[in-house]
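Enquirer: With the hints as your guide, set chain B onto chain A.
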Amino acid sequence: MRGRALKLGSYIFISIFILSIVRVFTGATDLTSVGTASAALLLSVPIILAALGGLYSERAGVVNIGLEGMMVMGAWAGGFIGYRHGPWFGLLGAIVFGAVGGLVHAIATIGFGVDHVVSGVAINIIAVGLVRYLSTLLYKDGEWLGPSQSPDIAAIGYTGLPILSGGTFFGWRSPDLSQALADKGWFFISDVSSIFRGLTGDLSYITVIAILFIPASYFILWKTSFGLRLRSAGEAPTAAESLGVNVYKMKCVGVLLSGGFAGLGGGFLALVATNHYQENQVAGRGYVGLAALIFGNYRPGGLLMGAGLFGFADALQLRDSASIHALLLIVALILLALIVRDIRKGKLIKAAISFLFASGSIWFFIAVKELPGQLVTMTPYIATLLVMSLASQKLRIPAAVGVSYRRGGLK
Amino acid sequence: MKKFSPLRIGLAVVAPLAAALFSILISSLAVLASKKSPIDAYKTMWEFGSQPANLMETLNIATPFYIAALAVAVTFRAGLFNIGVEGQLRLGALFAAYFGAMFSLPPILHILAIFLIAMSVGGLWAAIAGYLKVKRGVSEVISTIMLNALAGGLSAYLLATHFTVKMDGLNSNNLYTKEISESGRIPNLMPFLNKLGIKDQPGSGVFGMLLVAIALGITFWFVVNRTRFGFELRATGINPIAARVSGVNSKKMTIMAMAASGAIASLAGLTNILGDTYQFTMGFRTGIGFTAIAVALLGRNSAGGMAISALLFAFLEVSSRALELIDIAPETYVIMQGSILLSAVIAYEVVRRYKITVQSNEFAKAVQQ
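Respectively, the protein sequence lines represent chains A and B.
If you read the first sequence in my numbering, its first letter stands for residue 1, the second for the next number, and so on.
If you read the second sequence in my numbering, its first letter stands for residue 1, the second for the next number, and so on.
Next comes chain A alone, as it looks inside the complex (with noise of 0.2 angstroms):
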């Protein structure tokens, strides 16, 4: 456990420092800004709702494609009921809401014994076409100002770290240590310090709320009984039917658990992210919360890691371009590290390939100035898509998801 501690330490250590390089290189401040550290974490929210979402109905045994559909649930919940009796029971409603779409899932794959993705894919495409037709309704009684957005909805409170990242705690405005420190632009230390002042300072309620359930739901998947009767009935239900565990009642849990989550993520994207909901505004983080979960190899703390990336890179492309630019340079000097591993492996071939991918990406960073907007909106998807298929070998899959489950060996 120290070991593991000590190596994901090393690893935040090595990439912070990569950063501050490429930054004092390249002149791509937005690289480590407070700016940057503070987006990329509200960005990375909903994505770790939705794969957390999916961690609790995987686990299960039950596959949630259905996530992104659930999200769009909550996300127009989050909009109707937040303007109607404001924010926090806004994000209740985004919770029941997107448990309502969990409910559907599992009595269509639990019940009916329905193909999970089968099902899923139904409620991704419901969901869309009831939220469209709501909105129009809302819009045709005049309480909408259009069919495809909500009205503006009050904010929810901001917090953060007393005395290091600065904010106001019962009318004390406390002294902001960390953004100090970055101000001062030294190598490093200012680079280190900014990241985290944005990812301590300033925080909604709910982004702290969202984090706090990653360490919760390791202890309650992992420590508690309730926890392993839900896991035995994602690796094994039959042999955990005959220890007595209700499997029906734990997938369902599970499920019912996980459209509760990506509920809580598409209201997350319409009252903290946003102050209204607008058609389109879950854009596939669903289905992105679904691939860090698969990169976080099933667990809490890789899904976080997942989501992160994504953040990262979403918030990059949002606020810089520039910035997008200099992750050129990034990924050769990744590649470069992968060389040097290689050719000490013998792995002759595989070194020569990223060589090549190295110098190609070092040839478009000089080559290019400015990589255009709609190239630099892919970046988050290309990252994802890159780093799933650089990782995604030694991924342990809970062995019975997406196997239709019934009691006593029926088909």
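Because the hints were derived from the structure by calculation, they are not lab data.
It should be emphasised that the depicted structure is a prediction, and the values quoted were computed from it without experimental measurement.
All the pointers check out, no bait thrown in.
Label-pair distances were calculated between CB atoms; the ranges are:
#: 1; chain 1: A; residue 1: 348; chain 2: B; residue 2: 182; range: 51 to 59 angstroms
#: 2; chain 1: B; residue 1: 252; chain 2: A; residue 2: 348; range: 25 to 33 angstroms
#: 3; chain 1: B; residue 1: 18; chain 2: A; residue 2: 242; range: 31 to 39 angstroms
#: 4; chain 1: A; residue 1: 403; chain 2: B; residue 2: 227; range: 28 to 36 angstroms
Reference excerpt, derived from the structure (chain B facing chain A, CB under 10 angstroms, subset only):
#: 5; residue: 135
#: 6; residue: 137
#: 7; residue: 143
#: 8; residue: 145
#: 9; residue: 147
#: 10; residue: 155
#: 11; residue: 293
#: 12; residue: 332
#: 13; residue: 334
#: 14; residue: 336
#: 15; residue: 337
#: 16; residue: 341
#: 17; residue: 344
#: 18; residue: 348
#: 19; residue: 352
Here a beta-carbon is modelled for each residue, glycine too, at the ideal position from N, C-alpha and C.
Expert: Just chain B now, kept in the frame of chain A:
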């Protein structure tokens, strides 16, 4: 159970019927929620949808749905799931429209050349997902979704920069590729229909791509059910391990199935380009690839079933336009499509299980005697 026993036929009818009833119930509730009469709504839809001009529009919309659904079905049959049809048909259509406008060939050859360009681009794009699945173990569900986002960004970039033509003064916000010359266009079926005694109707007639769709459907049926390739495809889908043991190269089948799917998908994107607009524009319809998944699921991946469900989805979409007239949101059709889909997949599954129960009971009886 015999092949044509009354029970078997009855079950085949009951499943879609139950699904249809359930979805009518849901849609009626949706209409009631807007304080309108469902009966009025259905009557208006039927009256509007059954007019000849609107039936032709239904055919035009069903054509790309059907072709794209065939693309989805190829992967379903191989036990894969291609969610990336949307991106494949978009990229394929864009490249075909751009390169197809650069040359001129004798009529049919030109069209075939455009098909070939589209199919290569769509097929290669989809093959990426197949390759990643086989070589790197990346789930094709995830990779095709990422590739969709990439195809969207890439096509927007190409359309805005390298592939665009400047139209003097006219509508400067829209972006176009160059127009495809006369020889590369697929003729409309209207003159032919005139000879059969069907009068001209307002609207865009019937796109010639309909014939291509029908031909593709027949080919799909033949290849999947009557050839070695189709057998290996289905074997990989039903039991990959058994298939591998009996000598099927399942890795090759995975890549082939994805490539074939992407190639077919790209043709769906050409329906309007070769039949109506003759160029790729910013107004290129989005979402066909996702509707196609629903069409394939509803049609149970069979050539005939998907034809019926493509027509049904297109009919609902066209006829619901009339709902605006009686002040009901036309978006109702999306609810109808969704509820039909979900209730149908549930009904199919229930019937399948019931059949297994009946069969095993019959078997038990036979053993006892």
